[in-house]
Structure formats: structure tokens, C-alpha cells
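Engineer: Sequence:
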Amino acid sequence: MAGSAVALVAACLGWTARAQAPSEHAGHHPAGVADVAAPPSPASAAPRSISASASSTASAGADEHASHHPGGSPAPDSAALAGAGMAGMAGSSAGSAPGGQASSMMAMMRNCCGQGARTPLFAALMRLPGMPAEQRQQVAAQAHDRLNQGLALLSQGARDARRASTPQAMSEAGERARDGLSLFDSGAAAHAALSGQGNPQIVALNWFRDELSLPNQSGQHGGSLFGLTPQHLLLMTMLVLVSGGLLLLQLLRLRRVRELMSAGIPAVAGAASARVSSPPSAAPAPPPLQPTPTPGTVTSGLPLSNSAAPGGTALRRPRTWAGELRVAQIIRETPTIETFRLVEPSADRLPFDFLPGQFLQVEVEPEAGKPVRRSYTIASSPTQRAYVELTVKREEQGVVSRYLHDNVKVGDRIKMSGPFGTFTFTGSDAESIVLIAGGVGITPMMSVLRYLTDTAWPGEIFFVYGARSTDEFVFRWELEQLERRHERLHVFATMQRTPGTVWLGPEGLLTKEMLQAAVPDIVHRRVHLCGPPPMMTAVKRLLTELGVPEAQIHSEAFGPASLPLDDAPEAVASAEPATVASSAGTVPSAAPPSPPQQAQIAPTTLTFSISGVSAALPADQTVLEAAEGAGVEIPFVCRIGECGVCVTHLLQGEVTMAVETGLDPADKAQGYVLACQAKGTGVPLVVEA
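According to mature numbering (1 follows the signal peptide of the UniProt record, and there is no 0), the stretch in the sequence shown is residues -21 to -1, 1 to 668, in order.
It is worth saying that the hints were derived from the structure and are not from the lab.
One should not assume that every hint holds.
Stated by the list, open to error - Listed below are the simulated EDC-like cross-link pairs for lysine to aspartate or glutamate, each with C-alpha atoms no more than 20 Å apart in a straight line: (1) Lys519 x Glu492; (2) Lys372 x Glu317; (3) Lys372 x Glu462; (4) Lys491 x Asp450; (5) Lys519 x Glu529; (6) Lys349 x Glu607; (7) Lys388 x Glu346; (8) Lys372 x Asp450; (9) Lys388 x Glu457; (10) Lys349 x Asp385; (11) Lys388 x Glu374; (12) Lys394 x Glu323; (13) Lys491 x Glu457; (14) Lys394 x Glu344; (15) Lys388 x Glu323; (16) Lys388 x Glu342; (17) Lys394 x Glu492; (18) Lys349 x Asp391.
Claimed, not checked - Cβ pair distances, simulated, as ranges: (19) Gly608 x Ala409: 37 to 45 Å; (20) Lys349 x Arg447: 31 to 39 Å; (21) Glu374 x Val481: 23 to 31 Å; (22) Leu228 x Ser588: 35 to 43 Å.
A virtual CB, placed ideally from N, CA and C, is assigned to each residue, including glycine.
Kindly generate the complete structure, drawing on both the sequences and the hints.
Structural biologist: In C-alpha cells:
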């Protein structure tokens, strides 16, 4: 096809030269400028003899020439034009020896693409699909003449090549042979197009591409789907498969997230005094032991703690983590209170999630080889994923607080574990909240307040705070800023004015009248209370006098690790004993034994599955106390059943618990107990510790 295209170019050039009228030719060459004749050569007579054989082609195009020049001079003699055209083509070939193929190409561009150029055969092939039969016959005649002319030029070129004795003669012979081949190929291609063997337009375009040395587009998309090559189809198929795989992966991830969210909603718990045990007829195998958290690892992949709870229910408490955090900043809030901003040493995100109101357990070594642990409530919001803040008051008798204030510097690393605690609020349990804090008990309230304002919670927030003096009013500036920014936040504070400071608010202890004025309709609102035990006892008395139901009061005490029962919150002190059994227990349900009966229960055996240690468990001793006596470490903080730090998996047996505030109902259903509250019932026990 490339050869046929080259022939088509040469044919068009020859046709243009033959069909050009003398008057038109004179128009291209102004007066006074003589035509440049080819230099004489031994083969100069050959084209003239060949041109005589092409006179019929010139006469066939006379009518077409007349149609291109209406009203002009009549077409010249066909034979003369044919002779002149062929003589001009031969002359250009003969005279192009110095320039070689470059001069031939320039001549082609002048004849086919220059001013006044016409290519009847090329134009005819482009119009061939809708051409009348008469014109198709004329095109066929032109194609036949090109075949004859091409053969004649090929023969002449071969003869000249045999007789050539100089390089110039050899070059001229080659030019004639190439011209003849082009004419022959163009005529053959035109015959093929006329006979339906190819698209005439494709033939014409391929001729043009071949003359310009461009790739042939004939058949480029033949046999392909939708005009696309197999390579394109393969690439598109691969992209579709990759996109489908990514979409499927995203759908699976969304499904997994929904499952985790569903699993994170605790079921409705039964009464606190209910006995939980498996049916006597069923004795399933103990559940597999859960791995103990190692430092620097996260034990669960729960949703972010600042995610909204589905259906207005509370989020599940995140699993605990243990590791080290680096002190990034130390902020002095008051003369005795500092805030420690802690970050993950090797990442820009905390390695755990937490809920507003939870706390962390801090471990330090004031003396080498003697670690000491204390718990401090998180003051920052769960929406801050890069850091966590602990606000600590320096106590003269506090070993850990004095160590943190006096020894810890920016850049130090501190061992921590957590988060722990159930004294949380995320905005899903009530439409309004009353936060009452005293002293450094403001820290869990600040975490809740910061979280609710960060997430644009639509409910009303009443923040009531009491301090000894204005010097100890921690977070004063931030509270004032938040109240100005959030119209649904109402801050009320009372304290004694320190000399030299400005204080225009109420002074003295919090009273019932102050509460009524600060919190309208407090009877129908949820109340969170945190502070020293005496302060909490007094405020609870005020709330009871105001008619606030006990079920709406949620509290958390802080202070020594072990509190007397009388100083514990009323809701805790009045709780009825409850019995929790593991999934492997087979003891039927029964009412918890009374104190006299409990004293008569014989000591039983307590086995720690991880440590491999066994110890006696008297009826009046808790699992935590027995573990301390046997040298088995079980983390703890409050020892009154509130913090939830001592949660332990009961693998076998049955226990009773007087308080289970710190135990999540979902964990209880899976056989977990509070070691500080769990006591034996006379059957052997196996716990995971």
C-alpha cells in the first residue's frame, strides 16, 4: 500500500503538469522570466517519446480542465499537453540530479500543495463513494493510463541504467525508474479502490502519508473492538479490575466498621444484684486467654472516641494500652497545679483512644527499683489526637505528684497505662448536662466540656465550680473564652478572693440557692459531680434537697487509694451485693449469702492461670488481696469498685461483688470481674493473672 501511495503522488504530479493550460501556466510564470529547462542529457529524448504514448490521458482530462476554468480560454491540444506534461516531469527528473530526492519532493509540494495546484485523481478518489458511473469510468481510464506510463518509465529507466557510464546518468535512470514505479502503484491502487478492495478515501490519505513519510493508518483499527487496539483494551481491563478491587475493599471496610460499631454498643444490663451463671446442663470450655497488653501496643482497634454513638447510645469503653509517652510541654496553671502535655514518642498520633472523663495510670520510680503508681484524670479532649494532657496538683504528702512537679522535665518519658474509668459523658445520654467540680476535680469536667464544645454539641451545658481561693481557680481564662464563644454554655464559680486579685463572683461554699440560680430546672437534668469526698457529700445533700433523682447523679471521688465505706458515694454504699460467674461455672443461681453465712464459708483455692500460682482465698478476702499476698500483680487504683482498673477475667468458679460500678456490662457478660470486689463462694476459682 505504501508503494501505491507513492505512485498516487507521482500520478497526481504528472496529471497536474499535463492538464495545466498554457494560459494558466503563463500565469504562474510572469513575463520576462524564462522557464528553466533541464540540462541536455543522453536520455532527454526518452521522455518525449514516452509522452506521446500518454496523449490519450491528457485528452481524457481536457473536459475536466475546462470545467475548472469556466469562461476561460479553451483547453489546449490534449496531445500537446500530454507531451509537455511528460516532458516537464522528465525534465524535472533529469535536472534534479544535483538535488536528488530533495528537489523531487520540493517539486511534488509545488505541484500538489502550492498555489494553483490541482490533483484531480486524489480529489476523485476522495469523492469516489458518491461519484456517478460516468466519472468512475474516467477515473478508471486515468488509472489505466498511469499503469501504462509507469511501465514505460520503468523500462526506460532500466535501459538508461544499463547504458549509464557516469554517476549523473545513473541517478537520472534511478529517478525515471522511481517515477515509473510511482505511476504504476498509483494506477494499481486506483483500480483496487474502484473494484471495492479498499476504501478510496483511505487510499488517498495513505498516499499523502507515504509521501510525507508518515505512518500508514490503513487498517490501524481493523478487527478491534470499538476501534480500540488490543493494548488499549488490555490496559482498560486492568484499570477496571483494579478500580473494582478498590471499591470492593472499601465496601468490606465499611461493613467491618458497622460490625465494630454494633459490637461496641453495650447491651442493656440487668439489675446489679442479679446472679450471672451458665445453665447447669451446659459446660462449655473456658474461653481462650486474652494476651496481656505489652508496652507500646494497642489492644483493640475501636472507633475513634469522638465518633457519634449510633442511636443515641453510649460508646463502648476503649480497651487499655500500656507503654511510654514523652513529655512535650509543661504548663503552669496555678502556683500548685501543672498540666503535662504527653505525646507518642515515635508517631504523631496517640496509640490509644479514650472517652472524656477517663484517666491514665502513671508509674514512676522515686527510688530505684521501687515503682509507684497513681491515677490522674485526662483533662484534654478526645478530639485532640496528637496529645493527651494530665493536670496534676502538687501535694506535700503525694509521692507521685511531688515527683512529677520536681523531677520531670520536657523530653522525659513516663510509663503509663489506660485509659480506665466509666465516669464519662459523650453527649449521647442526655439533652443537657450539669458539671459540678471542686478543686482539681475539674480535670474530668474539662475533658467533657472541651469535647462537647469541639463537637458542637447542641445541648445546654452548666459548669459549676468551687475553689478555695482565686489563686487556685484553674482554667479560668479558658472557661471565660469558651463561655463567650458558646451561647449554650453557662459557667458559675464561687471561691474566696485572694488579696491582690480581682474577683466579682460569689464567695464562700456552694449553697442550694446558688445551685438554683445557676442551673434552672436542675431536677430534670443529668448531673456529673467530682471533687474531694467531703465536698461531694455536701453537694449530694444539696441535690437531694432540690429534688434531683439519685439516678441522675453521677459522681467520681478522688483522693487516697482506699476510702472508708462511709465516705464512698451513696450510690456505691447502698448497692446490693451481686454475683458474677464465668462462662465455665456450673453453680446454679442462688441469692447471695448474708454476712453471717458468708463468714461460715470455708476457704477455697484461688489459681492464677498466667502466673501458675495458687493461694488460699478466705471468704472475707477479695481476689485482689489474695493476689497481693501471693505476689501476683493485678493493677488497681481505687479499691472500691469504681475505677475499673482491676478488671480480671474469671475463667472458672463463681464470685460475689458488693460494687460493680467500674465493670462494663458487656465485660461482665463475658466473665470479667473486679478483683477488688470479687469474693469466693466456696468453689475453686481460676482467674487470668
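Engineer: Would you mind marking each hint as holding or not holding in the structure?
Structural biologist: Hints and how they fare:
1. Lys519 x Glu492: holds, 14 Å
2. Lys372 x Glu317: holds, 7 Å
3. Lys372 x Glu462: violated, 25 Å
4. Lys491 x Asp450: With a Cα-Cα distance of about 25 Å, the restraint between lysine 491 and aspartate 450 is violated, given a limit of 20 Å.
5. Lys519 x Glu529: holds, 9 Å
6. Lys349 x Glu607: Given pair lysine 349, glutamate 607 holds - Cα atoms ~16 Å apart, limit 20 Å.
7. Lys388 x Glu346: holds, 17 Å
8. Lys372 x Asp450: With a Cα-Cα distance of about 13 Å, the restraint between lysine 372 and aspartate 450 holds, given a limit of 20 Å.
9. Lys388 x Glu457: With a Cα-Cα distance of about 25 Å, the restraint between lysine 388 and glutamate 457 is violated, given a limit of 20 Å.
10. Lys349 x Asp385: holds, 18 Å
11. Lys388 x Glu374: Status holds; Cα separation ~18 Å.
12. Lys394 x Glu323: holds, 11 Å
13. Lys491 x Glu457: This hinted pair is violated, its Cα atoms lying about 26 Å apart.
14. Lys394 x Glu344: holds, 10 Å
15. Lys388 x Glu323: holds, 16 Å
16. Lys388 x Glu342: holds, 15 Å
17. Lys394 x Glu492: Status violated; Cα separation ~45 Å.
18. Lys349 x Asp391: Answer holds: lysine 349 to aspartate 391 is near 19 Å, not above 20 Å.
19. Gly608 x Ala409: 37 to 45 Å: Because 43 Å falls inside the window, the suggested range holds.
20. Lys349 x Arg447: 31 to 39 Å: holds, 33 Å
21. Glu374 x Val481: 23 to 31 Å: Distance hint for glutamate 374, valine 481 holds at roughly 28 Å.
22. Leu228 x Ser588: 35 to 43 Å: holds, 39 Å
In this structure, the hints that do not hold are numbers 3, 4, 9, 13, 17, in rising order.
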